[in-house]
Structures are given as structure tokens and as C-alpha cells.
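*Asks:* If you want the building blocks of each chain, they are given just below.
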Amino acid sequence: MYTSLSRKLLLTLLAWLIALIIFFPIFWMILTSFKTEFEAISTPPTLFFEPTLAGYREVMARADYNTFAFNSFAVSVGSTLLALLVGLPAAYSMAFLPTKRTRGTLLWMLSTKMLPPVGVLMPIYLIFRDLGLLDSLTGLIVIYMLMNLPIVVWMLYTFFRDVPREILEAARMDGAGTLQEVLYLLVPLTLPGIASTGLLSVILSWNEAFWSINLTTSDAAPLTAFIASFSSPEGLFWARLSAASTMAVAPILLFGWMTQKQMVRGLTFGAVK
Amino acid sequence: MATLKLDHIVKEFDGAEVIKGVDLIVEDREFVVFVGPSGCGKSTLLRMIAGLESVSDGDILIDGKKVNQIGPAQRDLAMVFQSYALYPHMTVANNMGFSMRLAGVPKADRDARVREAARILKLEELLDRKPGALSGGQRQRVAIGRAIVRNPGIFLFDEPLSNLDAALRVQMRIELARLHNELEATMIYVTHDQVEAMTMADKIVVLQGGVVEQVGSPMALYHHPRNRFVAGFIGSPTMNFTEVEVTETSPAGVQVTLPGGDSRLIPVESGNCQRGERLTLGVRPEHLTIEDNGPMGGTVTVIERLGGATSLYIATEDGEWVVMADGEVQKRVNNAVRFGFDPGRAHLFMENGDALPSLNRHPLVNIERRENRIDTMDQQ
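Going down the list, the sequences are from chains A and B. Using the UniProt record's numbering, you'd call the opening residue of the first sequence number 1 and step up by one each time. Using the UniProt record's numbering, you'd call the opening residue of the second sequence number 1 and step up by one each time.
Hints in this document: simulated from the structure, not taken from any laboratory. Please note: incorrect hints may appear among the correct ones.
Unchecked claim - Which residues of chain B face chain A? A partial, calculated answer using Cβ under 8 Å:
1) ALA50
2) GLN69
3) ALA73
4) MET79
5) PHE81
Where a beta carbon is used, it is the ideal one built from N, C-alpha and C, also for glycine.
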């Protein structure tokens, strides 16, 4: 009794500690965003101060937050829908019509995630320039779709593989074609998995900075570029930068918070069944 | 109502033949059971008939029409899977009505047919439930219901009872037999359980290693196995085998010397058997009798009393023999016993496993399971 209680206490403390360490930068960022520029750089840092919205006011005055936010939203959702549209058939064929090379294909797809993006920046930049995709939402949607596709296919593949083959065969005996099989059975049966795959893709796209900063300038610039724009010209203004960052991460943080149950359910979908 | 013909069906997986040229005719309204040890190809054969596996060579004909290239849904078949394969997110009614929904049958017709199937299977109360809320036996009935609503020419069953407990299995077995009479449909049933095969089949197909070992009525397989494999596979406990020597052949049968030195005349066709040839004698446990001066003997090692019958495992100089005696037998473990058999019930197998055909056909061999079946055959 004693040991199990102290063990539980210890684990709880540890969990809180880790959570606090992970959360601390975000906490500090939000805190800093309500400080004045002077307080933001004071040493030792102040924990108690008179909060001000000056940082936010300046950010709003200097840039059109709504445009950036809309771009982020459009690019995240657009690229996710496209990735699901392409990834679903790919995962279907790999899960239900595997060949000797399926495993290799999956590993190869995942291996592209190990490639440093900067390594392909030049060719992609040139291709985008020639196709007129620079600084366009379409361009970003395509690049994010390609970026997330390996993860999307891999995740959908694992969810699909948990669907008993016989259920799909029964549907085929009942007269279902491939499309009906997917729409009436596969999608409803793996919906939690598909949803969490989509959520992950949205979050990854929202947070992506490398491509958005390099491939956009103004028209299609999402919130990551919005943050970056506050770090360069006149040196660092911590309070203003923090305010911009808080505004950029707030929607996705809120989104993640609201969907965390779905995320966890989806990610452990195969394991607990 | 449909007939099925398999014409030298071959299936290859990665160059290895798993079905090695199967020929078979399934008559209209017949209940045919594919039986065999695991890996014998019985499920593969069924899946090929269903259209879920491609055919490497040979033809499948349903009602005389070649269906090799026709999709599963267009073959006028319905299949019941071992795992039931119900759609977990649909209610029982939607599970059963799914095929009609895909075919665009109006909702009123759909509902009527689902209700009719539910009535036959006593599922009316459960139509709004999802499969997760059903017991194993109920799920099984829904799976059968899903097949019934399609009103197929041929029902295919892939080990449908193997996930049920023993009591339920017996009950479902009876229900399936009843259903077969009621629906007047052709049924093909795959199982590894010989009791299911014996009790339900009009015709049993024994498969081993992708080859048909024997096709026949349950009683034909039991009384006249074509070879040693079928003899050993059909019947429980399994047939006793021992090596014997031919001492004489005549039109009345083959005279052999038993392990104890006695000799018996077994009434089988001698064929080209020679004096001195070694054959295998097979006698079923239930055809052995405890006799005080029987030709063979040994010590009882295990007794299994089932009430109505008793299995005696007897260690002899020739190995272990199993005798199925009546329930009243007084023997105990370590008792010495002697036993014998009626030569007319014994089988002889040549070295290649083939049986020497019996001179007398058993009277039950051609009996039909159902009376009405004989009537319909008479009319034809």
C-alpha cells in the first residue's frame, strides 16, 4: 500500500515536471508578450509585472495578421485534404494488395523524411519559379502535401492493415466495387485513424517554417513567415516578437487542445483494439 | 438452385501448386462438404469458387456457364466466413441489407427481405443492434442471414462453426441442415471437423495436399474408404492399422496372417495380390469386439468411459490398438484383454495406400439423407 502510493506520487510528480519543462518555453513566450520591451530584456527576468497589450498593438499595426492566419489555415487544410486524397488510395493498395516491394516502398517513402530539406531547396525553388508557383498558396499546398505524404501513407497503411480482410471480401461478395468498399466500409471503419492522421498533418503543416519562409514573400505567406518578419530588420524586439508568436501558435494550440482526445484515440487505435 | 462443375482446377501461389487439378460436380440442391487437414487446400478451393482467388488453370462452371473471369458478386453465390466478417459499424438489418442497397433495391423491398430472413433465423429482436452487441451464435446467424437475403444459387460456408463453443456448434449444425431443406439451395461447406462433414453432407470431398482423395456419401467414405488416408481421416477414434502377410488369394477374398499368428479371410477383391505380399489391415475401433478367445490381445493402458460406449487403449506386441466397446464393459487399466473382429468389416490397403475394394457393398452406402431428395431424383 505504502510503496504503491509513493510510487504513484513519484510518477505524478515526474509527469508534472516533464510537462512543465515542455510547456515552459510557451509559457515564457506568452508571459513576455504582455511585457514592455524594457521588461522583456531585464535581467534577472521579472515574473511579476504590470501586463500591457503594447506588443500586440504594435504587431497589429505593422502587419495584417488576418491574411497570414488565413494563409496558414488554407495551406494546412488544403495540403491535408490533398495528402489524404492521394495517400488513401496509396495506403489501400499497399495494405490490401501488397507485393514483395511494398515494405521497401514504405521505408523509402519514410526515408525521404530524413533528407534535409535544404538539400532540395535549389531544384524545388527553380521548378516553382518556372511553374509560377513561388509565393502562391497552391505552391505551398503542393509542397506541404509532399512533405506530409510519407507520414500520411504510413499511418493510413497501419490503420488499414488492422481492418480484417474478410470484411472487405464479404463486401465484394455483396457486390461492392473498390470505391464502394472504401466509402462504405474502409473509411467508416478507420475514421478515428484517418481523423488523427489528418489532425497531425494539419499541425505539421501549420508549424512548417522552412519552405514557407523560402518560397513565399507576401501574398501566400503564412503565420510562420509572419513571425519571422518580426525578427529581422531592426534587431530583436522580444515583447513584440513574443506577441506575434503567441498569435501565431494560439489557433493551433487551441486546435490541438480540443482534438487531443481524438488524436490519442487515433494514434493508439490499432494498439488497444 | 444451381449446379457447379470444377474442371481440372489448378491454383498456384508463387509457382507452388496448392490445388493440383481438382474435378468435381456439385448437383443442384446438394450439400457438399470439403474436408481435410489444415493446409489441404479446401479453403483455397472454396475461395476460388467464390471468386476471391483467381484460377491458375482449369474452369469453374456454374449452371454450365464458365465464371473464371466473372466477379464474386455476379456469380450468384453468397459466402459465410469463418470470422463472420460482419460490418461492425452497421446494424444487423443494414448488414443483411447491404448487398441489396448496393444493387439499388428499393428500401421497402429491402426491408421485407431482411425481415423474412430475420424470421427464418429468429433474429427479429436484434435487427437494430450492432454486431458488437451480439453473441457468437447470433453473429453467426446474421452472417447466414446476410447470405440468405441474396437468395443465391449456391451458399458457400468457410468453417462457419469453428468459432462457436461445442454446444452451440451442435445446435447450429442442426439449424444449418434444417435451413438447407427449407431453402432448397445448393451448399458447399468447408470444415476440418469430420463430425460436421458426416452429419450434414450429401457428398463429402476429402482433400489432401491439393488433391481430391475421395468423393462420396458419408457412409461410402466410412464403409468403403478408397485409400488409407481417407480410412484414417474419417471415423473417430481413428482406424487401427497393422501390417499383415498374404497367405492365400481366392475369389472369396484375401487370406492374411494377423500379428498374433491367426489367419483370417478378408472378403475383398484380391486384384493382383501375391502370396507373401505385405498389406496393411485396417479395422475401426467400433468394429473390434472384446472376445475371451479373440485372435489378438494385450494390456489395457487407458480407459475412456463415455457412458454409452467405452474406449479401451490396448498395448499389444504390435503397438497400440483402440477398441470401442459398449458402456458396460468390466475391464480396468492393466487388465489383460483379447479381442477380435468381423472380417467383413476389415479393410486391406496395398503398399501405395490404395484399398482393395470390398466384395460386399454396405447397404447404407447409397442412402440419402433426406427423403424428399429421393423423390425429386425419381422425378428426373
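*Asks:* Does the closest beta carbon of chain A sit nearer than 8 Å to the beta carbon of B/MET79?
*Replies:* Hint on B/MET79: holds, closest Cβ of chain A at ~5 Å, below 8 Å.
*Asks:* Min Cβ distance, B/GLN69 to chain A: is it shorter than 8 Å?
*Replies:* Not OK, violated: B/GLN69 not within 8 Å of chain A, min 15 Å.
*Asks:* For the hint on B/PHE81, does the least C-beta distance to chain A fall short of 8 Å?
*Replies:* Hint on B/PHE81: holds, closest Cβ of chain A at ~5 Å, below 8 Å.
*Asks:* When the nearest CB of chain A is found for B/ALA73, is that gap smaller than 8 Å?
*Replies:* Nearest chain A Cβ about 4 Å off; hint holds.
*Asks:* Going by Cβ atoms only, is B/ALA50 closer than 8 Å to chain A?
*Replies:* 6 Å, holds
When the structure is compared with the earlier hints, a violation turns up for hint 2 alone.
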